[in-house]
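Trainee: When you get a sec, could you build the whole thing from the sequences and use the hints?
Residue numbers (this note's numbering), protein chains in the order written: chain G, 3 to 177; chain C, 664 to 974; chain X, 1433 to 1854.
Since the hints were derived computationally from the structure, they do not count as laboratory data.
Glycine residues also receive a C-beta, built at the ideal position from the N, C-alpha and C atoms.
Heads up, a few of these hints could be off.
Among the chain C residues that face chain G by a calculated CB cut under 8 Å, a handful are [claimed, not checked]:
#1 M664
#2 I665
#3 D687
#4 R690
#5 P691
#6 S699
#7 A703
#8 P704
#9 T705
#10 S752
#11 T756
#12 K758
#13 T759
#14 L965
#15 K966
Sample of chain C residues with no beta-carbon within 10 Å of chain G, all distances over it, derived [what the hints assert, rightly or not]:
#16 I684
#17 S688
#18 L695
#19 K702
#20 R721
#21 E727
#22 I728
#23 D736
#24 T741
#25 D786
#26 S816
#27 Y870
#28 H901
#29 D938
#30 A940
#31 N944
Heads up, incomplete: computed chain X residues facing chain C, CB under 8 Å, no partners named [unchecked claim]:
#32 P1466
#33 G1623
#34 G1630
#35 V1699
#36 T1739
#37 E1741
#38 D1748
#39 I1773
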Amino acid sequence: MDIILDSAGFNQAVEKICSEILRDNPSLDNLAVVGMHTKGVFLSKRITEALSKRLKKPSLQFPFGTIDITLYRDDIDDLGLDIPLIKDTEIPFDLNKKNILLVDDVLFTGRTVRAALDILISFGRPKTIKLAVLIDRGNREFPIEANYVGFKYPSAKKIKVECKEIEKVDRVIVL
Amino acid sequence: MILNRKYLLGLQNLDKKELQIVLDSVRPFKSLFTRSVKKAPTLLGKTVVTLFYEPSTRTRTSFEIAAKRLSADVVNITVAASSVVKGESLIDTGKTLQAMNADYIIIRHSLSGAPDILARSLDASIINAGDGFHEHPTQGLLDLYTIYEKKKSFENLNVLLVGDILHSRVAKSNIWALTKMGAKVSVAGPPTLIPPKIETLGVEVYYDLDEAIKKADVVNILRIQLERQKENLFPSVHEYVELYQLTKARLAKAKKDILIMHPGPMNRGIEISSDAADSVNSVINEQVTNGIAVRMAVLFLLKPKAGKNEL
Amino acid sequence: MNFEIKNIRVVDPSQNKDAVDSLFIENGLIVSKPGKAFSKVIDGSGKIAIPGIIDIHSHLREPGLENKETIKSGTQSAAKGGITSVFCMPNTKPPIDNAPTVEFILLKAQKEGVVNVFPIGCITKNSQGAELSEIGVLKRAGIIAISDDGEPVSNSQIMRRALEYSKMFSLPVISHCEDKELSALGVMNEGLNSTILGLRGIPAQAEEIMVSRDIMLAELTGGHLHIAHISTAGSADLVRRAKKRGIKVTAETCPHYFSLTDDDVRVFDANTKMNPPLRSKKDLEAIRKALSDGTIDCIATDHAPHTQEEKMREFDAAPFGIIGFETMLSLVLNELVDNDILTLSQAVEKISFNPARIFNLKNRGSLKEGGIADITIIDPQCFYEFKKEDIVSKSANSPFIGRNFRGAAVMTIVGGKIVWEN
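Mentor: What follows is the structure in structure tokens.
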């Protein structure tokens, strides 16, 4: 089993994302965070924790939402029975005029992000949407790029992001 | 997780696990309703046909909205009841729709088993929107979901169905679903409107509504068809109202948090009084809202047509 | 054609015979060993010869409903099933309530039929239950019994008169027992299955009330009542008690009532829809018992062909009835003989000897010397699947398609002529 990022590497990647976010928007003005199910939700929590640590505001709270893209996938007919249980898409805040930070674990073809963008705009008109991903695998099929990348790993191999919350360890491995 | 099924013909065939998948899938669809864009592209390019051999504005509209919120193209066909026997056969109608590449056919029919006949001869996904006295699975599922949403669990839950159980496909689908989920189901109505051997399905039978309602956590009032009186199944509407109308007075004997349900359309003042229908315990309007979400979930959860015949 | 069938197991209840022997057929009759040996000899080793099967209840649909069946196709189907004589019910168009229709059927049967055809006349004109048909004239034209099958005589006075009047012709009155007001719009047995399927039920009592009434009228009149297609435990019991009291009543059942139950209606298959309907397991057991204790005298098919289009309709809209000629013998062998409900000899009584005796068919139902050479040859080791494409009848409305059987007719001889051979 090849490990791409171990626990320390995982943390470094999260920190790298935070640095880039703060460079762009130091005051985190009007920021709202939206995590993509499943791993993007955990990752976005990791990012907001790191951001609040950096700003030394332990109680820093951003409006927070989650997105499940199942209903917006363009390959639903090809999945057969391998469709996971749909999870909640919850945007419990008014996203009009917000700066949305969209978080996912891996950026690959760009199709998932395309679906997520469709969902976000079905809730209203955000001021900006920026994308943060832990791993960029390259191999894009759509003209979509991340604004913040934790780690670049251009590869056609399937990889898996593991999180403490589920797999009891933070790391990224090649399957 | 989706259902490894192409058809939804009845809840008799769904097991507990499948029913739970449906219950767990509804909320994401319901949450669509609060967005400014209440639509997802899930069924974009798919064709949904509602084929109704019986008038039903409510169910047809509910399916239509459900399909449209999933971006499907919807075609509504209403066939006059008179042509059931005289006109084109059901199978030929179905085959015509299939030749037009219908992906889902939602059928309502006055005769039991019509959806099964269609499913046997077509490739499209068939959804039963109510057939004769057999089943009305999506109504059963939306009732199940509405109860689940309010009561959170079916364990030790007492659900009472009141009225014409004999001719009620809604009752049948409710009984299958609720008993499988672990609820205790009772029915109350005159013996002439209780189907034979119903107790074999794990249902307790009452003739006295005042007695039956005492322990109910949920009461589902069925629509009484007034033409049943002509078949001597009950002597008069007046007597039916006396014995079986859900009234405020009867509710006073029930649990404080009893849920009042009705599949609609209601005969206000006959099987249910207005004050009962409009009371705080009533979830009748929520049933309608949930109906759309449940039907969206069903459209999503059925395995799409395998190997589509594309031109 | 004269020939001998040798080395064959001959099962003939009329002679209490079950032994390997030879059969000699000369000029259409069964003869004892002739002086000069026949040139044609058929080896019957491993096979069984029984007196030709007489099916006392069928619908040949001609005249008027030739899209379902004709006398030609129906008798061919019967021959394939090992049946040498069929009685045909009068619900044709026009119905058999007039002599010309009887004559037409007999003529058609003579020209195109391959087995013997015995028409049954209407009890009442057009089977409307209002006025007696010309029973005497019909008898002279050639009917074997009277019945308003499917449209039972609801008026007790008229049924009384029918039983009374027919006595002078020794014509049995065949009654399809059904209280139509009680069965109302029912399409299947009333019970848990009708509840589950949401189909209107027909209670067993809809049959039993009429069985009971007709037995009382037979007692009153001394007429010969034959009860058609008994399907319930209660009916069997009523007949059993009536027989004990010496009332002139005989009865038949059909293979589906001892082979299938209303559990088989499960998927709304209209090929399981017939009247009376498939009943419960308890009824099925009672029918088997009534066959074995002699309460039920005959097994008949109630062969009722309907087109595929009609049977593909919604269950409620599809007509009642199934075909039966081609599966009767195999069902009797597999369901009754193999399960030790009847011995082979008792089974032959139900399908040949008793029908001939009850309906006064001279020189049939027996392999005695001098009898008409109507013979069914059975291969008890013939394994086969009953397939739709093998059906000879014009219609294929059978719930037994796809079933595997052991034992079937391999040769059917009618009046000394081999009319079917496999």
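Trainee: All hints are to be evaluated individually against the structure, with a verdict given for each.
Mentor: Tested hints:
| no. | hint | result |
| --- | --- | --- |
| 1 | M664 | holds (5 Å) |
| 2 | I665 | holds (5 Å) |
| 3 | D687 | holds (6 Å) |
| 4 | R690 | holds (6 Å) |
| 5 | P691 | holds (4 Å) |
| 6 | S699 | holds (6 Å) |
| 7 | A703 | holds (4 Å) |
| 8 | P704 | holds (6 Å) |
| 9 | T705 | holds (4 Å) |
| 10 | S752 | violated (31 Å) |
| 11 | T756 | violated (26 Å) |
| 12 | K758 | violated (23 Å) |
| 13 | T759 | violated (24 Å) |
| 14 | L965 | violated (11 Å) |
| 15 | K966 | holds (7 Å) |
| 16 | I684 | violated (7 Å) |
| 17 | S688 | violated (6 Å) |
| 18 | L695 | violated (8 Å) |
| 19 | K702 | violated (7 Å) |
| 20 | R721 | holds (25 Å) |
| 21 | E727 | holds (18 Å) |
| 22 | I728 | holds (16 Å) |
| 23 | D736 | holds (16 Å) |
| 24 | T741 | holds (29 Å) |
| 25 | D786 | holds (14 Å) |
| 26 | S816 | holds (19 Å) |
| 27 | Y870 | holds (43 Å) |
| 28 | H901 | holds (50 Å) |
| 29 | D938 | holds (36 Å) |
| 30 | A940 | holds (32 Å) |
| 31 | N944 | holds (28 Å) |
| 32 | P1466 | violated (58 Å) |
| 33 | G1623 | holds (6 Å) |
| 34 | G1630 | holds (3 Å) |
| 35 | V1699 | holds (6 Å) |
| 36 | T1739 | violated (12 Å) |
| 37 | E1741 | holds (7 Å) |
| 38 | D1748 | holds (5 Å) |
| 39 | I1773 | violated (28 Å) |
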